[in-house]
Amino acid sequence: MGMLAKAAAIGAFAALSLGQAASADEDARLIINGEEEMIVRAAPPAWSPLPELLSGWLFRTVETQRLQMDDFENPGFTSVDSAWETWSLPEGSAGKSCADCHGDAASMKGVRAVMPKVNAENGELWTLEMYINNCRTERMGAESWGWNSGSMVDMTALISLQSRGMPVNVAIDGAAAPFWEAGKELYYTRTGQLELSCANCHEDNYGNMIRADHLSQGQINGFPVYRLKNAKLNSIHARFKGCVRDTRAETYKEGSPEFTALELYVASRGNGLSVEAPSVRN
Amino acid sequence: MKPLKLALVPVFALALANAGWAGDVAAGDVVYDDGAVAVSLSGMAGDPAAGKKVMTTRGLGNCIACHTVSSLSEFAFHGEIGPTLDGAGSRWTEAQLRGIVSDAKKTFDGSMMPSFYKKSGYIRPGNAYTGKAASEDELSTLLTAQQIEDVVAYLQTLKD
Chain A
1 MGMLAKAAAI GAFAALSLGQ AASADEDARL IINGEEEMIV RAAPPAWSPL
51 PELLSGWLFR TVETQRLQMD DFENPGFTSV DSAWETWSLP EGSAGKSCAD
101 CHGDAASMKG VRAVMPKVNA ENGELWTLEM YINNCRTERM GAESWGWNSG
151 SMVDMTALIS LQSRGMPVNV AIDGAAAPFW EAGKELYYTR TGQLELSCAN
201 CHEDNYGNMI RADHLSQGQI NGFPVYRLKN AKLNSIHARF KGCVRDTRAE
251 TYKEGSPEFT ALELYVASRG NGLSVEAPSV RN
Chain B
1 MKPLKLALVP VFALALANAG WAGDVAAGDV VYDDGAVAVS LSGMAGDPAA
51 GKKVMTTRGL GNCIACHTVS SLSEFAFHGE IGPTLDGAGS RWTEAQLRGI
101 VSDAKKTFDG SMMPSFYKKS GYIRPGNAYT GKAASEDELS TLLTAQQIED
151 VVAYLQTLKD
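Quick note, the sequences are listed as chains A and B, same order.
In terms of the numbering used here, the first sequence opens at residue 1 and continues consecutively.
In terms of the numbering used here, the second sequence opens at residue 1 and continues consecutively.
Hints listed in this document are in silico derivations from the structure and should not be mistaken for laboratory results.
A couple of the hints might just be wrong.
Within a straight-line C-alpha distance of at most 27 Å, the following computed DSSO-like cross-link-like pairs (lysine-lysine) qualify [stated by the list, open to error]: (1) 117/A - 229/A; (2) 105/B - 119/B; (3) 118/B - 241/A; (4) 105/B - 184/A; (5) 159/B - 241/A; (6) 241/A - 184/A; (7) 241/A - 119/B; (8) 105/B - 132/B; (9) 106/B - 229/A; (10) 229/A - 253/A; (11) 132/B - 118/B; (12) 253/A - 53/B; (13) 232/A - 132/B; (14) 253/A - 132/B; (15) 106/B - 53/B; (16) 184/A - 132/B; (17) 253/A - 119/B; (18) 229/A - 241/A.
Every beta carbon over 12 Å from chain A, so not counted as near; a handful from chain B, in silico [what the hints assert, rightly or not]: (19) 45; (20) 71; (21) 74; (22) 123.
To give an idea of the chain B side of the interface with chain A (calculated C-beta under 8 Å), a few residues [claimed, not checked]: (23) 48; (24) 77; (25) 79; (26) 115; (27) 159.
Because the structure is a prediction, the values reported are computed rather than measured.
Don't be surprised by glycine CBs; every beta carbon is placed ideally from N, CA and C.
Using the sequences provided together with the hints, build the complete structure.
Right under this line is the structure:
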């Protein structure tokens, strides 16, 4: 499908999905391109309060689900294509590209599944975005990318795609433990004038409608996520920001220690679900 | 409405827009008795038609985000978070309904239902839906005293 035709088709779907909020078939299986099956339901880790881990894909309408079942229909792939080009584009004072050091992007297989993780060199918890920017500024002599810039989000899509189908498996013990605890604390804190925590909506009420929205478990195995609502790929922290803002609270910033810790905790609640990026949501 | 109140409006219009009417019971002064609030917060009767508007408008009460209400079926998308409000006027007294709408946590411990007539005690309160910080003295209650009364009046029409 040509780019324009594709854009038109997406517009039509977006309009449709507004009219039908009701849930899709929750027994559905996610098989991409007719061959790659994703784990969309998984047994929870022992500490998890959830009886079963469910991918956000299960909670979307059949039309939205279908867009993710075929890479040619998946609007997130335009971004993956542009990141392929960036991957071998030399930039910065060192005149190097990602490919010069990392070879094929396939070398990034497995990276997304364990992010965020503690950086052994400095003991800090780092997300995928931080590793990428570190290569740009420290190894390429290039400008860092903005957290939600097209270049950054596209690159996280390309790197995450290399792990598609692999189970999320972030470490929560050892050096990661204090970050995980901090993230957990944030998850259960009722913020803002509406006094709502992540858990109020995504733990106690997944499966329920809140006005026109069908609540999922708020998993991040599908990120970056292409949203029909804003017609672009969205970072994990941008999504967190939107949810916190909707409690009438002061949000945290993308890349803040709070959101980074929260990302680890939320990722761990999906340990066992497949990396699905780039996924499609309304 | 007392004429005195009307005369004050132009002079204090700015302050009033945020704080509500001078005759309102201030959020911090509401007396809860086992969750219930006996007296009108605005000193006036509620208007059920206005209450219906508050309950179905996203920027206001948006009660149907969490509750289904059969008599509001003309408005699309009712949520499933709380119980249906059908029959609420038979289950609860006026004072209990006023207490629930003002601060449901006083009736249902730890409830997910927002406290619509409260101004303090928040963690990271924001300036409406901007994501920016708001200091507690800048905050207004989610609904005004009269809006609470209007909603209570509408709820009382929901009989079994």
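Going through the hints against the structure:
no.	hint	in the structure
1	117/A - 229/A	30 Å, violated
2	105/B - 119/B	14 Å, holds
3	118/B - 241/A	24 Å, holds
4	105/B - 184/A	23 Å, holds
5	159/B - 241/A	41 Å, violated
6	241/A - 184/A	16 Å, holds
7	241/A - 119/B	23 Å, holds
8	105/B - 132/B	26 Å, holds
9	106/B - 229/A	37 Å, violated
10	229/A - 253/A	22 Å, holds
11	132/B - 118/B	20 Å, holds
12	253/A - 53/B	35 Å, violated
13	232/A - 132/B	24 Å, holds
14	253/A - 132/B	11 Å, holds
15	106/B - 53/B	25 Å, holds
16	184/A - 132/B	23 Å, holds
17	253/A - 119/B	25 Å, holds
18	229/A - 241/A	16 Å, holds
19	45	27 Å, holds
20	71	18 Å, holds
21	74	15 Å, holds
22	123	5 Å, violated
23	48	22 Å, violated
24	77	4 Å, holds
25	79	5 Å, holds
26	115	7 Å, holds
27	159	25 Å, violated
Hints 1, 5, 9, 12, 22, 23 and 27, counting from the list given before, are not met by this structure.
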